[in-house]
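Colleague: Make one complex out of these two single chains by using the hints.
Top line first, the protein sequences correspond to chains A and B. Here the first sequence stands for residues 52 to 508, where the numbers follow my numbering. Here the second sequence stands for residues 265 to 367, where the numbers follow my numbering.
In silico DSSO-like pairs for lysine-lysine, Cα to Cα no more than 27 Å straight-line: (1) A:503 to A:378; (2) A:378 to A:496; (3) B:289 to A:73; (4) B:289 to A:79; (5) A:382 to A:496; (6) A:503 to A:382.
Source of the hints: derived by calculation from the structure; they are not laboratory data. Quick caveat, the model's predicted, so the values are computed rather than measured.
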Amino acid sequence: MNANLTAILYLVAAAAFIVGLKRLGSPKTARSGNSVGAAGMLLAVIVTMVNLEGVSWWLIIAGLAIGSAIGAVLALRVQMTAMPQLVAAFNGFGGIASALVAGAAFVTVSGAELASETILTMLLSVAIGTMTFTGSFIAYAKLQGIMGGSPMTYPGQRAVNAVIGAILLALLIWAQISQDGIPFWLVGVAGLILGVLTVVPIGGADMPVVIALLNSMSGLAAAATGFVISNTALIIGGALVGASGLILTALMCEAMNRTIWNVLFGAFGGDGSGAAAGAGGNAISTTPDDVAIALAYAQQVVIVPGYGLAVAQAQHALRALTADLEKRGVKVAYGIHPVAGRMPGHMNVLLAEADVPYDHLLDLDDANTTLGRTDVVLVVGANDVVNPSARDDSTSPIYGMPILEVDNANLCVVIKRSLSPGFAGLDNPLFYMNTTRMLFADAKKAMTDLGKALESI
Amino acid sequence: MADPVVIGIVVFVLASFVGFEVIAKVPPTLHTPLMSGSNAISGITIVGALIASVSGQGALVNVLAFFAIVTATVNVVGGFLVTDRMLGMFRKPKPTSNEEGGR
Numbered sequence: 052m053n054a055n056l057t058a059i060l061y062l063v064a065a066a067a068f069i070v071g072l073k074r075l076g077s078p079k080t081a082r083s084g085n086s087v088g089a090a091g092m093l094l095a096v097i098v099t100m101v102n103l104e105g106v107s108w109w110l111i112i113a114g115l116a117i118g119s120a121i122g123a124v125l126a127l128r129v130q131m132t133a134m135p136q137l138v139a140a141f142n143g144f145g146g147i148a149s150a151l152v153a154g155a156a157f158v159t160v161s162g163a164e165l166a167s168e169t170i171l172t173m174l175l176s177v178a179i180g181t182m183t184f185t186g187s188f189i190a191y192a193k194l195q196g197i198m199g200g201s202p203m204t205y206p207g208q209r210a211v212n213a214v215i216g217a218i219l220l221a222l223l224i225w226a227q228i229s230q231d232g233i234p235f236w237l238v239g240v241a242g243l244i245l246g247v248l249t250v251v252p253i254g255g256a257d258m259p260v261v262i263a264l265l266n267s268m269s270g271l272a273a274a275a276t277g278f279v280i281s282n283t284a285l286i287i288g289g290a291l292v293g294a295s296g297l298i299l300t301a302l303m304c305e306a307m308n309r310t311i312w313n314v315l316f317g318a319f320g321g322d323g324s325g326a327a328a329g330a331g332g333n334a335i336s337t338t339p340d341d342v343a344i345a346l347a348y349a350q351q352v353v354i355v356p357g358y359g360l361a362v363a364q365a366q367h368a369l370r371a372l373t374a375d376l377e378k379r380g381v382k383v384a385y386g387i388h389p390v391a392g393r394m395p396g397h398m399n400v401l402l403a404e405a406d407v408p409y410d411h412l413l414d415l416d417d418a419n420t421t422l423g424r425t426d427v428v429l430v431v432g433a434n435d436v437v438n439p440s441a442r443d444d445s446t447s448p449i450y451g452m453p454i455l456e457v458d459n460a461n462l463c464v465v466i467k468r469s470l471s472p473g474f475a476g477l478d479n480p481l482f483y484m485n486t487t488r489m490l491f492a493d494a495k496k497a498m499t500d501l502g503k504a505l506e507s508i
Numbered sequence: 265m266a267d268p269v270v271i272g273i274v275v276f277v278l279a280s281f282v283g284f285e286v287i288a289k290v291p292p293t294l295h296t297p298l299m300s301g302s303n304a305i306s307g308i309t310i311v312g313a314l315i316a317s318v319s320g321q322g323a324l325v326n327v328l329a330f331f332a333i334v335t336a337t338v339n340v341v342g343g344f345l346v347t348d349r350m351l352g353m354f355r356k357p358k359p360t361s362n363e364e365g366g367r
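Looking at chain B on its own, in the form it has when it is part of the complex (with noise of 0.2 Å):
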């Protein structure tokens, strides 16, 4: 079984493959949402922030562990909620058919 860090070599390369597979052909009129909603998505690091708030390691870890949760919930919160606001802006072209999600 290869070390831990080479899976995750792994995963990251072929994540980064998938990622550009499946960005490459979104077009000029939703860059801004596809911005702010991965921007969302790379507040994943609140996990990380969850599990850095261990108890007993000093007055040091709990300051950084909490200031990481405060700053990855205000991106991960605002970033989802922006995103869906800017999107519900978007109009169809034809205004009368609004079966998609209605909101």
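Bound-form chain A, shown alone (with noise of 0.2 Å):
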């Protein structure tokens, strides 16, 4: 194929994934622009074969066979609660794809002097793609339950890191310079081991950001990849990407009201120390037939979901909960906690897969306005997202960070197993409020068990 005629092709494609993503944003549209972009890459990758001379066809027809099955048998039987840790693992294999092609096309110039933007572009791809790959899969871990899903730390975690860190910048420098392979190779094995202990301390309710940070480095190290081989599909696609994770880390940490360095190196909650035990007071537990009740006859009911909803499987209980409230009159609505749940957006796509609407889907500023005016809220499986603390107390960690305020709603039904602490590791003062009520018991028992009070009334 002509040489112009494949760079207007890639050009074709890169724009698919730029409508795509457009059409991306808005529920309306969203899913054609996923097909869009799909459609973007698959032209991208029948000119790339097109233009394929001396290769090895069965290397590429077994690859790209092994690597479909496994990507649909993947996205076709995950469970909707499982969404975080199968977007880390993709990250992942996006990432080491990237980091495996500069590997290759460093040994196939091996031995010729390679101009210095060249190798350092090697060098960048392969950096960020072994620190993803390992990164990613150390999220999917804690988000699988494989690993505990704390913080894990030790004396001197920084100061290990740090100097892993500072081994990076050598090899790098040493492979720029010297173009040698073992300084290569070794900044590879870095990567591998930078990315393992960057995740490794980070709790699991920071998971959101540590996601969108690594979805933008894979489209980062896909980019770099571009550099290597001189193509503008890769350039294009991988700086959109990694503009789009940069957005999404941003919002995220916005909504933590905490500066990416202190995700990446706090080691944040999980020590319990603190105020835990002290705040305290007497919580007031309450039955499913009493929280019916209040429901059935509320005007204005919200639903503030957490991820207990998800580690529960409640959100079909849910559901049929608030499906019955609807027919007997009650305006019920949902808040969402920009970073409530594992991953940007997980709360809503568990909700979307139990038949809400989204647009009874409220973010945060509208949902704290609704809750001046509601009669009920339920807190299933949310903690640190309703902690008063983050508003009121100058002290605690989480001070400033934006909440959803449930403590002004004339009823507060907080749905949780036991009283202990959330993620943070804090004492929650909603508890012990008097107008908060604790149903305790496991998300899923309680909707069924509210649901079954409900038919009776």
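Modeller: Structural data, given as structure tokens:
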């Protein structure tokens, strides 16, 4: 194929990515946007294959077949509650693919003297790609429950990470100047190690930030690979993903009122120190029957879901309950905190699976407006995002984080298995407020019990 | 004519700005599909993986290229499919008017 035609077709593919992302920005056009992006990808792959000469076709066909089979099985079988870890895994695959391409390019040209920018982009692709790979799979292990979700810390952790980071930098400079194989591959090894060490100390509830950041990095690795093989489709596609990941990272940090450095290096929560035991007071527990009566005679009910909803797989039971309420003329809305769950938009996907119309889901500001005139709010498996300390207690570690102000409702029912502190290891004064009632149960059982109690009213 | 790498930097910077503009206003409801959809786009590195599979460069290149193709394809196929599956569940406010796509 003519080189100019090839370049134009790659540009068409890149334009399809931009249009696709644009359409992903509205619920009405999102699905077709995803298809436009996929069509762009197909075009890029076809153009590339038409231009291939002297390649091992068996290797390509086998690779495409195996990769497609694995990807399709993972995508079609995953449960919506397991979506964060799947996205993390896909990020990791993308990252390592970019690093492998750069590695193959390095071997192919070995012996020849490389332009300094060529070796630099190869090294960047390898370093970013390998870090994305292991970082993503540590995130996967934490989300899947293979590893504990709490931050893993040890004395001198920051120093160790700083030393590994410095070693990586030194290896990069060594490889850049010498163009030698040994430092080149060691850069990959250091990237793999650094990816593990960076994510291990990060706690489960900070995963929305981590996944968004890894998403951005997988894009940057692809862009770096684009420089290695001088391909604009890779550069544009990678830059788009890099930008979108960064925006989401910033949004998630903003929603927690923390900086990215604090998330990455703060090893937040989990130590259980601080005021955990002290604040206390008497929590008032309640029964499904009492809650059902309050719900049935309410005008406005707001549901505040959290990660506990996903863990208990309670989204369908919740939807059954709210559908019953709506039939009785109760207005039901859902207040979604940006960092509820384990990835950006996690709760929205779960509720969409349970057939909740997306215009019933309120973002932070709208939810707080509605909560001021709400009769009953049901907090299902959420904790830190409704902790009034973030608003009232300037000594609290989460002070300044925007919260859903559920204590403004007339009655707040917290569904929780026990009074144990949330991820941040903080006590929650909400539990001891006069207008709060605790319903101690697993989220799914609570929803089912409430549904039954409601039927008899 | 500038070096290819300089042209690449120009493209990269402009595309980043486009990315920021296009994505900045995505509503929270779509954050997960946006992430998995854009993640699938980062699988564009599959193009590099295909080009890397030139024969006659030794076994190491073949091994690296093979695993690059497999992992990039998982990323692309899995990413677009799972995004489609998720978006298929997003129900519109009025359940009866299902004119768009209808799948």
